[in-house]
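Modelling step: build the complete structure from the supplied sequences, incorporating the hints.
Each chain, letter by letter, is given below.
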Amino acid sequence: MKTRPDGRKFDELRPISAKAGIVKNADGSAMFKIGDTIAYAAVYGPRELYPKFLQDPTKGILRCRYNMMPFSGAGERVKPGPSRRSTEISMVTEKALLPVLNLEDFPNAVVDVFIDLPQTDAGTRCAGICAASIALADAGLWMREMVSSVSVGKVNEDILVDLTYEEESAEGEVADIPVAYLPKSGRVSLLQMDGEISKDELVKALELGRQASLQIYEVQKQTLLDKYRGESNEE
Amino acid sequence: MRNDERSHLIKFLEKGLRFDGRKLDEFRPITVEYGVSKNAEGSSRVKFGDTELFAGVKMSVEKPYPDTPGQGNLMVGVELSPMSSPDFETGPPSPVAVELARVVDRGIRESKAIDTQKLCLTVGEKVWMVAIDIVTVNADGGLIDASALAALAAIKDAKFPSYDGLKLDYNNHTDEPLPILKRPIAVTVYKVGRHFIIDPTGEEEEVVDARLTVTSFDGKLCALQKGDLTPLSLEDVESMVSLGLMKAKELARHL
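Chains as they are written, first to last, in the numbering used here: chain W, 1 to 235; chain H, 236 to 490.
No wet-lab data here; the hints were simulated from the structure. Zero decoy hints are in this set.
As a list, the in silico DSBU-like pairs of lysine-lysine whose alpha-carbon atoms are at most 35 Å apart:
| id | chain 1 | residue 1 | chain 2 | residue 2 |
| --- | --- | --- | --- | --- |
| 1 | W | LYS221 | W | LYS24 |
| 2 | W | LYS227 | H | LYS282 |
| 3 | W | LYS24 | H | LYS394 |
| 4 | H | LYS273 | W | LYS2 |
| 5 | W | LYS9 | H | LYS394 |
| 6 | H | LYS347 | W | LYS79 |
| 7 | W | LYS95 | W | LYS79 |
| 8 | W | LYS19 | H | LYS394 |
| 9 | H | LYS391 | H | LYS347 |
| 10 | H | LYS273 | W | LYS19 |
Written out as structure tokens, the structure reads:
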């Protein structure tokens, strides 16, 4: 059987570890590590939203901020501050998480989710969403279900889950598809793609991703259980 | 409110104690980890009690500044991530973050911690740029000293990426460390009433009267920064510098 550069099977995730409650100042927080990609997420709120004109008197709003630390990327330093890339990722992260929240009880308030990545090796928005989802639960917010996110894709002939940077940047026909799954309802709240892939291959990739997302969901649940049992499963 | 908390703290300090049971000149438990971010040329994670931050070094080849054609470039950036405190907001760096970055920068620059002449590849044309970035994860006071220590740990951890004169290869690092000559250590001494304390928690930091950051190497001063509102007497300055110099030795042992 063919394997991948790091020896994984096509449908195999990289090693995952996670921990809840890692930022003491925050109302909820989590670290989610998948392979060499590490995401920290902290949740503040619901808290009053300023400036006031941004407030919505009918419900609270969710505000996400995705940020790669300047030294975290492969290659050159990432300039601090928002970029077009980080602005878009922040926005799609918001859309990925919002469907599981119910902010109607918090008019004029904001729930802030801050995602910082100290080290990256592809799949950063997915890792950020996984961390944020644990952090929102850790903050005690009511949630319909978790959000479990993973990238799937195609590298030449192979349909893979959880691509590394090496796989993403391979020569030839490559497709990178970050997906956020709502594991209980089986729906997706984030779906992006760039590259080349046929419809049949896409369907196959999304199914592989769904299976993988269930494994991530188990880790997320266990992480929360561990914290509230006073234990941790950090490496 | 602030005054109540201030007098409450002073009552404790009169007895030689802090809220968390520490002595006035005692640091919180400190940890320094190296190599915590594999894409960085060097990195560290530093904790002072509940304060936690990352520092990372990225290097690139750039044009030297016109006034230093034979020296490498150095830059220190600090991001007070909104993740780390409800008081920090998204947006451009606040004056607090800029001051913090500049105080750390001056300590490294003025002590000549890095031999910038060795970072020159071609005079006037090509030099190494060393960018040190600090990002806070949880802010609970004492950020200046923790940032300075993390920056030093990160440059100590750093290795040059491969460079063949034309292209940088970030995937292959050499074994060559940065040319480090000095180890500047920042110790910020805070004044509350007639007392001097170091390494305050966020709670203590809110009620201090003044602070003086004393950066030194081998007992020699290389940078100072007075902060907060209350003016200091010359006697205060002398006492604070003495305490800063003494405590720097202790902090240096964590590297």
